[in-house]
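Given the coordinates of chain A, assemble chain B onto it according to the supplied hints.
There are 2 protein chains.
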Amino acid sequence: MIEDKRVFVYDTTLRDGAQAEGISFTLHDKIKICTLLDEFGVDYIEAGNPTSNPKDIEFFNTFKSSKLKNAKLVAFGSTRKPMGKVKNDSGVNALINSGAPVAAIFGKSWDMHVTEILRTTLDENLNMIMDTIAYLKAANLEVVFDAEHFFDGYKRNPEYAVKTIVTAEKAGADWIVLCDTNGGTLPLEIADIVEKAKEAVNTPLGIHCHNDSGVAEANTVLGVQKGAKMFQGTFNGYGERCGNANITTLVPTLELKTDFKLKCSKNLTDISSVSRYVSEIANMAHNQKAPYVGNSAFAHKGGMHIDAVLKDPESFEHISPELVGNNRRILMSEVSGKSTVVKKIQRIAPWVTKDSKEAQGIIDKIKQLEYEGYQFEGADSSFELMVRRMLNMNQKFFDVKDFRVHCENKWDEENSAYAIIKVEVDGREELAAAEGDGPVNAMDGALRKALKVFYPQLNDIRLTDYKVRVLDTAEATASKVRVHIETASKNKVWGTVGVSTNIIEASWEALVDSIEYFLYEEKSKKGES
Amino acid sequence: MIEDKRVFVYDTTLRDGAQAEGISFTLHDKIKICTLLDEFGVDYIEAGNPTSNPKDIEFFNTFKSSKLKNAKLVAFGSTRKPMGKVKNDSGVNALINSGAPVAAIFGKSWDMHVTEILRTTLDENLNMIMDTIAYLKAANLEVVFDAEHFFDGYKRNPEYAVKTIVTAEKAGADWIVLCDTNGGTLPLEIADIVEKAKEAVNTPLGIHCHNDSGVAEANTVLGVQKGAKMFQGTFNGYGERCGNANITTLVPTLELKTDFKLKCSKNLTDISSVSRYVSEIANMAHNQKAPYVGNSAFAHKGGMHIDAVLKDPESFEHISPELVGNNRRILMSEVSGKSTVVKKIQRIAPWVTKDSKEAQGIIDKIKQLEYEGYQFEGADSSFELMVRRMLNMNQKFFDVKDFRVHCENKWDEENSAYAIIKVEVDGREELAAAEGDGPVNAMDGALRKALKVFYPQLNDIRLTDYKVRVLDTAEATASKVRVHIETASKNKVWGTVGVSTNIIEASWEALVDSIEYFLYEEKSKKGES
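Residue numbers (full-length UniProt numbering), protein chains in the order written: chain A, 1 to 529; chain B, 1 to 529.
With the rest of the complex left out, here is chain A (with noise of 0.2 Å):
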């Protein structure tokens, strides 16, 4: 029996998200995310289909599920082929030999997928589900049943849907999940269907979600709310098409607004990390957007926004950032007055007052570099060290005495880039020389090789992000660049800009602006400064 408002987290990131278009999981990225879900504290961990996924029965061989510490891991397939006989069926087979002690499958709950994409009949379904779901729990396994497309089902034939999930019951499935496989459904529809379905059957209800209409986060809220005790997310909504159910946004949802209780809760101010982690192993750029985890979920614009929320932070916010482990953020633009600037060059030298010349001198140069192009939304990093640098609070950590760029590309015959850069510590001169895959490629290659020799902890950050923008100015021939870079600690991520006519310059000022930035804040937090 459950505990009244318990609700279990099943994870399908490595199944269902591996399905999003431009992610393709490595063995090596599968185990990376399977420990650091693992750690966060999801119940269920969907790892892979052992039946037809090459890469997931590597996995499977590789990784053993006694690795997890709070995690249950799942193994993904399907009811066994219309006619056959189970216990020959290939693919069911593989679940059980895959290892993990949880075996999930899909059947059909729709009438149309039965006749028309099975091509079998309604009856001979039913005993799919009956048959398989009866040898997965013989061979004693946890069997979660995900009943596909219910809810499309239930709106045409509602009789048969019922039908499937109440067979999924006799059987013995540990887990009934009500699946909104095309995501078509709406809330109020959602709401209904889940409390038909928990009429029919007595077996703990899930309940997995697709984002087609914009409402699976909306939809799993409500069915957990009219029932179900566990759901079926991916972190960032990584998923077929639009994606599935985010428990990036659900967790804390969950967690903050409502009463129920989940395990991974105690590590809710780890989201925000996790969250950007998985992204990073996707090689996807992270949702800026993102409910809760987001770089601009808690960034302020509009002035008066501004204001307020300097006042009484819970004026523009739903819930603080602390809880989810992200940060506010007062965004230069603008729409933001004086007062907006004062508070954030004062979050750097408190002792700066609205009236002071320092204050003024500052607004000057943000003007001043804003008409050049400069933007420094997302760029929080290269504002810090602008302040510092015209409030003489900077630090020289190192001097470039010399670089040079070289790119020749001709056609038929062997390209090349590279780069040379001499840089002083100390009056100490370290040169050196990197190839690379073009120009900037180069640049950083050889400034991270000169400065580690003074600095190694340069070895833990790396570029995440590499963006150039042509920004739009009235004389055409002389259209300058805004290169933004994004890089990353273990712990941080942080952007700094550069503005040039020319990509390289640009890319270095910002190249130069991060590498500043990590070495300061490293420093600081060795209480050395």
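There could be a bad hint or two in this list.
Since the list gives no way to pick one copy over another, a pair counts as held whenever it fits inside one copy or between any two copies.
[Stated by the list, open to error] When the alpha-carbon atoms are kept at most 20 Å apart in a straight line, the in silico SDA-like pairs for lysine to any residue are as follows:
#1 Lys401 with Arg448
#2 Lys261 with Leu188
#3 Lys55 with Lys367
#4 Lys226 with Glu189
#5 Lys410 with Glu424
#6 Lys72 with Gly99
#7 Lys354 with Ile330
#8 Lys354 with Leu391
#9 Lys343 with Lys357
#10 Lys367 with Ser52
#11 Lys257 with Ala191
#12 Lys55 with Ser24
#13 Lys422 with Arg404
#14 Lys155 with Lys257
Simulated from the structure, these hints should not be mistaken for lab results.
Just so it is clear, the structure is predicted and the values come from calculations on it, not from any experiment.
Structure of chain B alone, referenced to chain A:
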């Protein structure tokens, strides 16, 4: 009296949308978006705040309401200042002077905001609402009252929240919009509180939701289902923090899944292209996963899903992509089987059968290219060109006879990047040179310059995205890069891919494919091939 099922669409892309991090519309951008929204058929366009933002003042001075065919132009502001006189309030008068026929003003419905942020009395806030609306009505404006933080206010002090909207009704407001300004309210609460508001006033209600809990669209749909006659939202969900309710989701949902009537529904098939065009003007990457309009919204990757969709699209699509002007896409990936690839080939060459030598040849080629690091997801055009080349169906539009790219950057010296390219078309050679903001930009410029002599239609296309990804290969020393280019003409967006250890070569490959694909498509349309 509003017809029973009629719902009004109130767009605030230019006002609340402009509060999004990374968005900064120029006057020219605003005029383009305004025209686009009007043609699409939204009912109201909230174009900016003429009371405080200089750019918005310039907009209202330049753009006249009479230019709109479908929509009413709205100027946005707030109730008068505490303890002031409305007739002397410069902000309120600016709304009248803007020339817009509709004024939207926000007023406080949450008692905490009145006492802590405005720092006035609860009674004075009611006076501010009363005076301001009455004054604007006396000036013959249609008045929209945005009850800011109505839901948060109602949860803390329902009596006062209701008083604010009853006051707005007494003052003569034409619309009362219930705002979930902080985006923190969950669907069941929204439904309940909208019902309560409906009992308190007779004025038509609107709903305005933010996405901080990931449920902005669900809340908006529920608001409409519970009686709101208007919803506010933005194109692509742009807006402060996590964004506003997304019009590109809401319009298809209400039109295709409920019996509500929207004026813009007649242009529903334009919504994907309008959405992309707005993102282009905003200079934001289009959200690939966006419901209905995203590039991945009808993209199928899982092998079983693909087989089913080919049997019956309804099996894994909640609506037909044609209804919203989007396309079904079958993605190539390790999960997709041979039959999927063959179906894709058959769209280009219908005579190729599954067991033919041609099909096997192409499949072998795909495997080899994927091994080399190519990924045809998002690069359908490169896939199509590759198939045509394999089947000798391709057409040479040009030969490249030579290309040279050179860039040189030195410490404290002028930098340079230029490209020289020679092409041959029908025996005629053309040499062109171009400088650029870096080598790829120079190369793009020179290639187009040379080819435009023969193909002036190339003036109509432009690069909309350029992405570089370093591939995770075993030999770290020779890491390959994959370049993905997105190109757009007026009606279409297409993707191409290039892979090489050298970024310039990879870019070159994707660039040439993008142009060749366009020229082929143009020629096919004219029926010449």
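Structure-based check of each hint:
Within a single copy, Lys401 and Arg448 get their C-alpha atoms as close as 15 Å, which meets the 20 Å cut-off; across copies the closest is 39 Å, which misses it. Taking the shortest alpha-carbon separations for Lys261 and Leu188, only the inter-copy value of 19 Å comes in at or below 20 Å, while the best intra-copy value is 24 Å. For a Cα distance limit of 20 Å, the shortest separation of Lys55 from Lys367 across copies, 16 Å, qualifies, whereas the shortest one inside one copy, 53 Å, does not. Taking the shortest Cα distances, Lys226 and Glu189 sit within 20 Å of each other both inside one copy (12 Å) and across copies (14 Å).
Taking the shortest Cα distances, Lys410 and Glu424 sit within 20 Å of each other only across copies (17 Å), while inside one copy they are farther apart (35 Å). Proximity of Lys72 to Gly99 under the C-alpha cut-off of 20 Å is restricted to the intra-copy arrangement: shortest distance 11 Å within a copy versus 64 Å between copies. Only within a single protomer do Lys354 and Ile330 lie at most 20 Å apart by alpha-carbon distance; the minimum there is 17 Å, versus 58 Å between protomers. In this assembly of identical chains, the alpha carbons of Lys354 and Leu391 lie at most 20 Å apart only when taken from the same copy (15 Å versus 71 Å across copies).
In this assembly of identical chains, the alpha carbons of Lys343 and Lys357 lie at most 20 Å apart only when taken from the same copy (15 Å versus 70 Å across copies). Only between protomers do Lys367 and Ser52 lie at most 20 Å apart by alpha-carbon distance; the minimum there is 18 Å, versus 59 Å within a single protomer. Proximity of Lys257 and Ala191 under a CA criterion of 20 Å is satisfied in both settings, with 18 Å inside one chain copy and 16 Å between copies. With identical chains, the CA atoms of Lys55 and Ser24 are at most 20 Å apart within one copy only, with a shortest distance of 10 Å there and 45 Å across copies.
For the homomeric pair Lys422 and Arg404, the shortest alpha-carbon distance inside one copy (9 Å) is at most 20 Å, but the shortest distance between copies (29 Å) is not. Proximity of Lys155 and Lys257 under a CA criterion of 20 Å is satisfied inter-copy only: 13 Å between copies versus 30 Å inside one chain copy.
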